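Peer 1: Taken in order, the sequence shown gives residues 1 to 262; the numbers are from full-length UniProt numbering.
Check the hints yourself; a few may be wrong.
[As the list claims (entries may be wrong)] Mimicking EDC-like on lysine to aspartate or glutamate, the simulated pairs with C-alpha atoms at most 20 Å apart in a straight line are:
1. Lys26 <-> Asp15
2. Lys94 <-> Glu174
3. Lys184 <-> Glu174
[What the hints assert, rightly or not] Just the calculated beta-carbon pair ranges, DEER-fashion:
4. Ile148 <-> Val12: 29 to 39 Å
5. Met194 <-> Pro173: 32 to 42 Å
6. Lys202 <-> Ser100: 52 to 62 Å
It is worth saying that the hints were derived from the structure and are not from the lab.
What you are looking at is a predicted structure, and each value in this text was computed from that prediction instead of being measured.
Ideal Cβ positions, reconstructed from N, Cα and C, are used throughout, including at glycine.
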Amino acid sequence: MAAVKSRSKLQVWGDVIIAIFLREIKSKFNDKVGISWAVISPVSFIFALSMMRNTLSGGRDVHGMSTFLFMMIGMTLIQFFLITMNSTANAVTKNKQLFSFRQVQPISAILAIAGLEFLIKLFVVIILGIISYLFSLDIAINDPLEVIVNLVKLWLIAVSLGTILAMAYCFVPELKKVTEIITKPLFFISGTFMSLQDIPEKYWHYLTWNPILHIIELTRYAAVTQYGNSGVSDFYVNVITLTLFSFAISCYHISWKQAISH
Numbered sequence: 001m002a003a004v005k006s007r008s009k010l011q012v013w014g015d016v017i018i019a020i021f022l023r024e025i026k027s028k029f030n031d032k033v034g035i036s037w038a039v040i041s042p043v044s045f046i047f048a049l050s051m052m053r054n055t056l057s058g059g060r061d062v063h064g065m066s067t068f069l070f071m072m073i074g075m076t077l078i079q080f081f082l083i084t085m086n087s088t089a090n091a092v093t094k095n096k097q098l099f100s101f102r103q104v105q106p107i108s109a110i111l112a113i114a115g116l117e118f119l120i121k122l123f124v125v126i127i128l129g130i131i132s133y134l135f136s137l138d139i140a141i142n143d144p145l146e147v148i149v150n151l152v153k154l155w156l157i158a159v160s161l162g163t164i165l166a167m168a169y170c171f172v173p174e175l176k177k178v179t180e181i182i183t184k185p186l187f188f189i190s191g192t193f194m195s196l197q198d199i200p201e202k203y204w205h206y207l208t209w210n211p212i213l214h215i216i217e218l219t220r221y222a223a224v225t226q227y228g229n230s231g232v233s234d235f236y237v238n239v240i241t242l243t244l245f246s247f248a249i250s251c252y253h254i255s256w257k258q259a260i261s262h
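Let the hints inform the model, and build the full structure from the sequences given.
Peer 2: The following block contains the structure:
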């Protein structure tokens, strides 16, 4: 009789995440273009808008930073946040039929989809770097480690908010429409197209509640120190990240069983 190989809960959990990860890749990129479109689409969009803004500004710097790099950082980070949050928010309802299996829990779907979005955006950043090098564009990064740390913080915020919304969608599906309306202005109030330093200081408090704005501006500062970090705080980002992450874990722990049976 063949011996039955037992697996630990951690191994089972890892296998489930990998299986959902591969399933997500197949379902998301099942056309002829395949997964490459997930990189080509945002790269072309970011590159086109960045070049357009650079041309319209006459190639002038934005507070010591090239217009192209200024736009590229803003566009990449805001896209990363919105796509990751929305994908994570839909992870539970999208994979609800899988939760009939005892080994599969909603957190597995959330981690698999959030991890896929992180890898996709990493490829986008690499491709943008290669294109910039080929076009001889100045994209020297002063502190690449800080840029990576900021990217991880933004990912954690997006996944945390996505997890909270994922639980809420199971009880109130109509919240998806509300989320779409609320998140649209983020593209314009997160410093994507305009620096906080271009706005009079007396109006900063209307915008600086937004941690995405802080991360985008701090990432620009990490790339080019001459850009400055006026009005933004790394401490504020850390507090918001830890708070949202803790709140998301608590919401998930309290409601996941009711959410999948609702």
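Peer 1: Which constraints among the numbered hints does this structure fail? Numbers only, ascending.
Peer 2: none
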